[in-house]
Structure formats: structure tokens, C-alpha cells
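Q: One-letter residues, chain by chain:
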Amino acid sequence: MSSRETRNFGAPIRRNEDRKLLTGKALFVDDLEIPGMLYAALLRSSVAHGELISVDVSAALAREGVVAAYTAHDLGDFWQPGPLLVPPPPIEGVIFNLRTHACLAKDKVRYVGEPLAIVIAESRYIAEDALADIAVEIEQLPAVVDLEAALKPGAALVHDDLRSNVSAHVRQKNGDYAAAAAKAAHIIKRRFAYEHGISSPMETRGVVAQWDERAGQLTVWDTTQAPVFLRNGLAAVFGLSERQVRVVAPFVGGGFGPKIMMFYPEELLVPWASTRLNRPIKWIEDRLEHFVATTHERGQIHDAQIALDAEGRILGVKDVFLHDTGAYDPYGLTVPINSQCTLLGPYVIPAYDSTFTAVFTTLPIVTPYRGAGRQHGVFVIERLLDIAAHELKIDPAEIRRRNLIPPDAFPYDNKIIYQDFAPLSYDSGNYEPILNKALDAIGYAGFKDEQKKALSEGKHLGIAIANYVEGTGIGPYEGARVQVQANGRVSVATGIGTQGQGHFTVFAQIVADQVGCLVTDVDVVTGDTDRFHWGAGTFASRGAVVAGNAVNEAALVVRQKILKLAADHFECAEEDLELGNGEVQIVGVPGRSVRLSELAMKANPMRGAVKPGTEPGLESTQYFGPPGGATASGVHAMIIEVDPELLTLEIKKYVVVHDCGTVINPLILAGQIHGGVAQGIGNAFYEKLLFDDAGQLLNASLADYLLPTSLDVPRMQLEHTVTPSPLNPLGIKGAGEAGAIPVGPLFAQAIEDALGLKAKGIELLEIPLSPGRLWQLITQAG
Amino acid sequence: MKPAPFKYVIARTLDEALAAKAEYGDEARFLAGGQSLVPTMNFRMAMPAVLIDINPLTELSGIKANGVTRIGAMTRYRMLEADAGIGERLRIIHEALPHIAHPQIRNRGTLGGNLSHADPASEMPAIMLALNATLYLRSAKAARQIAARDFFVGALETVIAPDEMLTEIVVPHLPANSGACFMEVARRQGDFAIAGIAAIVTRGADGTCTRARLTYCGVAQTPFYADDAAQSLIGGPVTPAAIKQAAALAMEALDPPGNSHADPSYQRHVAGVLTRRALATAWART
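Chains as they are written, first to last, in the working numbering: chain A, 16 to 797; chain B, 118 to 403.
Pulled out of the complex, with its shape left as it was, chain A reads as follows (with noise of 0.2 Å):
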């Protein structure tokens, strides 16, 4: 690229897409009207735990406006447990009992929520009506809600065939810890207990499919994140071509990890029921529905140890813990292997032993949400190296630069395996900087001095500081396709789905450099099987990673054949080309271009003969996979103020310094930061699935499920440092969880220094927190 070119990479450019979003042009799948269409609602258990005795539809289908009601008996051969998305890695030893779930259940449910009939009606309205005509006899079992209770002999079994609730067993070893432990000046044990809660996306899910039977042709619009694998998924189920079914994820209104989920029994019913109607039909989770039928993710039980010698240098740390998988484990160990290898963090840890038990409960599924299970084990680790500092009277920062990996350390071998089955490997890393950087914003140097003249004057703040690693960027691959339009107008496509990570700009970004056109110009498609049909999904921090770097590949070859057409077109040499602006000049002689649009056309022509081997059009369809997950870093900080009566809190301050390699876009990237901080803060002291003993979760409502809202989340400073990951061209490392990973730790820390809790002997070993929480950690504690 000359420098004369332009460049957007790396710019604060607006969004392409936000004209669509903000104006209401853009489409959702509740925006689908099709003439003909139905409406359809589920009838879920109100039981958590129980043999399904009978199931009668028949009132509900006397009712008025009724089309069908099934049941599982009326499925027949279709009804068959749902696929396993992620095998477990190939760790020695490991054990993993798969129970994947059904569209509907047949002789037992096990989670309140879990469909046991779905009624398709002439509108929602009726359809609601109709579920209340159902007689549904269910024989109630003892709930498995607590993970320890769940694991006791004689505990009720959620999938009877099994001998325990016993999900996964794995453990991971590096190095020797008792052998570590044995020459540690300090050693510290705590038990941790770390809640994530449900993603609650703007956007509930929702499903519509239109069965064409002339054309024998499927059409699902699914708030999916992963639309080439659920597309690939019904063509399976329903005996058809991969070319007989397009799945299309449309603009989705976030998707967080959850909606990569397949299959949710809608997925499966809408459509098959439009096979058997031969009309379209529509379903729209609600907000009360989105709370028991969407996954979520939940609590973590770690029994932790940490062996430290006398300078606050960490020997090994030990890792027991449980983990809720819910009802069903079709996602595989994801999420606890997240967990596991996730605590490492940015630290030398020279011995590790990390052994986890997934547990089956009767509580929906859990499958990643944002961080991914990622949280829990970064509160665990910077729990302990806070406990560590104030044992060895070492600072907090300090005891965390002096474990942190070097900087010529990279590539950095953890020695065991992350979730992608590659070992656990960091690419690159500089981690000083950003924790130096964070440092300095937050007035880390000057907190002690602000903080004592604060408390003489009634006020109690408190300062916090965590680090954290996120793997991002996995495989396998995602492919783009890049063609230059007659028109000028250049479009890009890819398998990926779009849930509001600004996709329609960055990958535009990427196009304008290689063809030399303006980010406006470029047309992106994400999401429709029919437009581009091979790919992965959005998640993982990788749509930019992966489907940004098949972009760029794409968009490489397209610049070489536009300058070969033009080199022909001008007969120059192409080193004597340069492009921009929509079209090819001559470098230095200006008046001596042509446009892109022309070379388009030129590149399709309407006569003549064309030489062997040859392809019509501008246009190059490309793909990337990376050797192995690329590894983005941070540190956040915080300043708190809390009320030590009322023990409310107000966030003064809050810092990210964050390194994902080279940005594309830094408005973007801001956002991305920004959701997930703000995300973070609810898991870390608002949002807390309440569920009782019979596992009936209490407030299944935005009134009583605390989301912090534009309030309760402060302005934060952002700061980066660049270390480009070198397995991608582009240097890319993802950064969609970055912000949402750190904040519980940074709440626990800061709430124990304003109200100088370790000095009482009270430590907070668990997130969520809350005021009313904290009020019982305290009293407790007398």
C-alpha cells in the first residue's frame, strides 16, 4: 500500500449500520410479517423435578383460533435428543456423561421452564390462551438445586440412568503442587463461591420459518449466533440438502454467548411445524419466558489454595471446584474448562492442580455468557493474591507485578489444554505496561494520602486493582467473500452472525484499505447461509479475529486482480498503480484513472473470447484459521465510595487499560469495553438468580433481576497498549469480553479497603455482592 492510500484501519470511524439501526430500518426477527403466518407458544414445566405422567392437548385445540397442539408423543421419529456442540477436549482421564435435552419432554422434567407442548394459534394472544387449556399431570421428584447436596449418596437423581449427578470430572496438572507447597513460606486456603448470571439481551430470542413446499425450501430466521451451524444442524434433522435450508440471523439485538445455543427446542418445533401446517410461523420468546428458556450461566463453588514464598512469589496454586451445568450438558466443558484455565491469568504460576466436577441440577442449562466462565476463575486467583498481600504485608499492586509473566516470555506455555483442544498457550503479552498504565490513571500512588483525608471528613473510599488474561480468537475458521459491484459499490460477505458488534464497519474498514474505496461504499452481509454458507459463528471474542482477518485475505486478492485489470487497462506496470477513492490511477499523473466500477464491468465482459482460466469479476472468496487462540490482556481499577451505615456504594472512578493487539476501531472497541464493564458491574453487585429450594426461580422479572441501568454504571477511562498477536496478519487479538471478566474481584477488593474489612478478620469470598449482603457478612462476623 502506497501512503497516499488511505487508511481506515485504526480509525474512530462511526458505524456504517448505526443510519439502519437508529432510523428503524433495520431488520429483527419479530419485524417479519408473511402473509398466512402463525403464532406459537410453549407450555413449560412448572415443576423442576418430575415424571411426566400425561400431557393433554385436547381442549386447548376445541379452542377458537387453534391450528395444532403437540406434545413429544406427537412428534414420532423426529423427537430425539438435541446434538453435543463441543466435545470435551482431549485431556487424559477426563469424564463426561452427555445428556443433551429434547424439543419436548417425555417422561421426566427436570428444570421449571422445560417445554412439554407447543400451541400454534391464529395469534400469540390466543395461543397464551390455549396453554392455560392444557392438563398436564406431573409426579414431583425432589429438586437438585445445591451443587455439594446434589453430589451425596442418596441424592435424587436428575438423569436417572446415571449412578450420581456427575456431569464431568476433569483435572489438569502442571508441575507438582505438594511439592511446591512443601518448600512455601505461606500458604492460604479459602473456599470461593462465584455466581454469574442470565446475559439478558435487549433482544429476547425468537424464530420464524416458512416451509415452501413447491420449492422445497426451508427458511429459518433465528436470532442465532452461529447461523451456518444451525443451518447445517436442521438440514440434518429434517433429512435435507444444506442447500434446501437457509437459516438467517438478521440484526440481532445482542447475543452475549446464549444464543449460540443449539438446538433451543423452538428451533427445532417452529420449524417442523411449518412443514406439517405449510404455513409460516412465528415465535417470540417474552421477557418472563427468556428468564427459564434461555440458558444462563451460574454459580461456581472453588476450594482454593494458594503456596507463596516469603517475597509474595507464587510456588503453585491447588483448585478443587464444582460447577452447576443445569439440567442438561450440551455444551460440552466449556465453561468450567474457561474456569480452570482462565485463573492462570497474567501470572507465573510454576505448579498447578485444577480438578472440577461439573454437576447435573434440575436448573436450566447453562452454556457460556460473555467471559464464558472466564470470571470465575479470575475472582478466584485475585482473591487469593489479596489475601496473600495482607498476610505478607506486601501491596497489592506489588504482589501482582512481581508475578507477572515476563515479557520475553512469549510464546507463553501453560502447559495444559483450552477449550479450542490446542494447548494453553499465550501468543504474545507485555503485562508491566498495563498494569503501570492502570496504575497512574486510577492515582494509585496518591490513593492512601486521598483516602486517610477522605475518612476525616466521614467519607470511606476504597481503591481496587485486577488483572486478567482472556482467551480469544479461536478456530476453526470463517471465510469471507469480497467482489467489487458494477455500480462501485463494493459487498462482503461471511458466515458469521451480527448481534451488534459494528461488523458492518470494521470489515468495511478492512475493504476500503485493500481496494482503495470509501467505508461508506462497502456493503457487508453477515448472518444468511444463502449469501455466504460456510463459517463458524460469533463468539469467543473471534468474529474480528477470525471472519476480520478472511476478510482481509479476500480483500487482498481482489486489490491484486483489480491492479492486474488496470496494469492491462493502462498497459503499465502495477508497481506504477495506486489506489483510492473508487478508483485506479497512474501514480503521478493525475487525469490518468480509472473507476473501480468500470474495472467491474471490464472484468465481466459481454463478448469476446476470455483466456483459460480465468474468473469473471473482481471478486475473491477467501478463508482464515488461526494456528491458536490469540491472547488479549488488561487490568481494571476502581475507586469506590460506601456509605458505612446504609453500605450502598458509588463508583468515583474506574479504569481499563487493555491490550487486544491492533485495533481496527477505536469507537468500537470503547463500546465493546463499555458494554461489558457494565455487564461486569450487574454480575458483580445486582444481578442474582434467586432460586428456592423446589429450584422455582424467584424473580424471573426486570423488577426483581437488577440490571444496572446508564445510573448505577460510571464513566470510565480507557487506556491500551499494542502487542499484535502473530497469528493473524492483521495482529488482531478479540475484545469481547475483556470488560465483563475482572469487575468481581475489583468489587470485592474495594468494598474490603473503604470499609477496612481485613483489619476485622471479614473477607468477601463470594459474588454477587450486595448491600443487603454485605449487611449480613458484617453482622455475621459480629
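Nothing false has been slipped in among the hints.
Cβ pair distances, simulated, as ranges: (1) A:Ala41 <-> B:Ile222: 23 to 33 Å; (2) A:Pro659 <-> B:Gly307: 16 to 26 Å; (3) A:Ser73 <-> B:Lys124: 26 to 36 Å; (4) A:His405 <-> B:Gly321: 49 to 59 Å; (5) A:Leu470 <-> B:Gly307: 30 to 40 Å; (6) B:Phe160 <-> A:Thr663: 21 to 31 Å; (7) A:Lys667 <-> B:Ile222: 28 to 38 Å; (8) B:His290 <-> A:Lys35: 51 to 61 Å; (9) B:Arg161 <-> A:Ser612: 52 to 62 Å; (10) A:Ala41 <-> B:Ala365: 53 to 63 Å.
No lab work stands behind these hints, which were simulated from the structure alone. Just so it is clear, CB atoms sit at the ideal spot from N, CA and C, and this is done for glycine as well.
Fit chain B to the known structure of chain A by using the hints.
A: Using the frame of chain A, we list chain B on its own:
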């Protein structure tokens, strides 16, 4: 989250509304702002057979002051917020209003609808109790008035009969040298109160407290009136010691039910802290 089928009746006059209520009785609910009723209908927790829409009844909307302040039952929160007279004479109402949900909801929600709904965590019942308001009820056959103190029976329960409507709220003005303060703790701005307090005290010519009222929201099945605590303040200056004693009495009298954000002990504690803070502020404002 779609409501069950219901019949919709639009009332053009108060008489039409009352006639419809007389006809349908318990089966019918008045639709005022709809900010509590409609969500409960969408959850199918409420399934009234008939909704009588009283939004056209402009005669029930408005604020008048002549010795007392008369507020029509259909007066929206937003109108109260924007009313300068309320700000002058009954400033505690303005202090409490921002705690009620969010501006969008306050644009629709009505004072009469809120009091009739009688959510114990709600602010206005406690405020009206503290202000010693009188509530005017009408049916097709009769009219009656009732003190706020006798209006609330239990959670979501009032003395309104199946054929009656709350039409007007009459609020007496505070004596000279009175100070009032409303404070609340909720998890987020606009959430239901973990505990809220309305404190009103009057300073006599000799500097002692001559009149005191302390009411709470969120801590009982109805808005709670802490009689003993208020009485303990009368006859002396409102010193920190007197405040401490009143707060202790209030906490003793309270038996909060607890909720998902606060156990009973934290609720009582918050009520105690707020009692101290609100009383000190109210006294400073006398």
C-alpha cells in the same frame, strides 16, 4: 406475556364510570395510568373481565389550593412534579416523586391509581399518611371521605368497595415552622424501596417540637406510621439524642417482611439509619 381476554369499556363521564363499576363490581378494574395494572395483566397475575378506562375523565385531573390542596385522582405524577404550588406548600411530595420509577412512567402514572393500588413499597401512600390526607370516594349511589390512616388495609388492599372509585385527595397544609424530609434506599434509582421514610416535624415558639409524624414505605404490609417514635419527639428540642431515641423506638415497632434484596434485619437497620438522617434534615428545615 399477553393479557387474558377482557372487555374494554371507555367512560366519558364520571357517572358512566361509576355506573359501569356498579354493574361489573369486582370483575372490573379502572384503567388509570395502567403502570401497575397492565404489567400484572400481562403476567396474567390479574385477569379482570372488564377494564373501565377513565382516562377521558379530565374532571378528575388537576391541582387546586385554597387553604388545603385538592388533587384529582387522575392527576399524573408529572403534573405534580411540574406544579410550583406543590413545591412551595408540600415540598416533601416533590422530594419523593423522583424516587417513583422513571420519567416515562411518571408521565402516565396517576396519584389516585397509585393509592388505590396500595403497594406497600410505594412512596405516595407513606407521604399521604404523613401529610394526614383525606381521600374522597364515590360510587353511583353515595360519596364518602376517609383518612389516609384508615384507607390502607393490607398489601394491595384498601377500603375501596367494589362499586367505588377514589376521586380526590385532599391534603392539609403544614403548620408554620414545619420541616419535612423524604429519604429512601432502593437498589437502583426508581426501584421499589428497601425502606423509605417521610418525616415531618414542627418547631414551636419555644424551640421545642410541637408536632411530629414519621411514616415508612417498604417495611410493612401497609404504609407504616411510627406513632410512639413520633410522640417521643414532642415537648422537647429535636436533639441528636432525641433523634436517636425516636429511631430506636421506630426500629422496635417495625417488623419488616424482608424481600429479595434485603432481609428483615437489613430493612430494619436501613429504616433506623434513614430515621436519624431524615429527622435531622427535617428539623433543620423547620
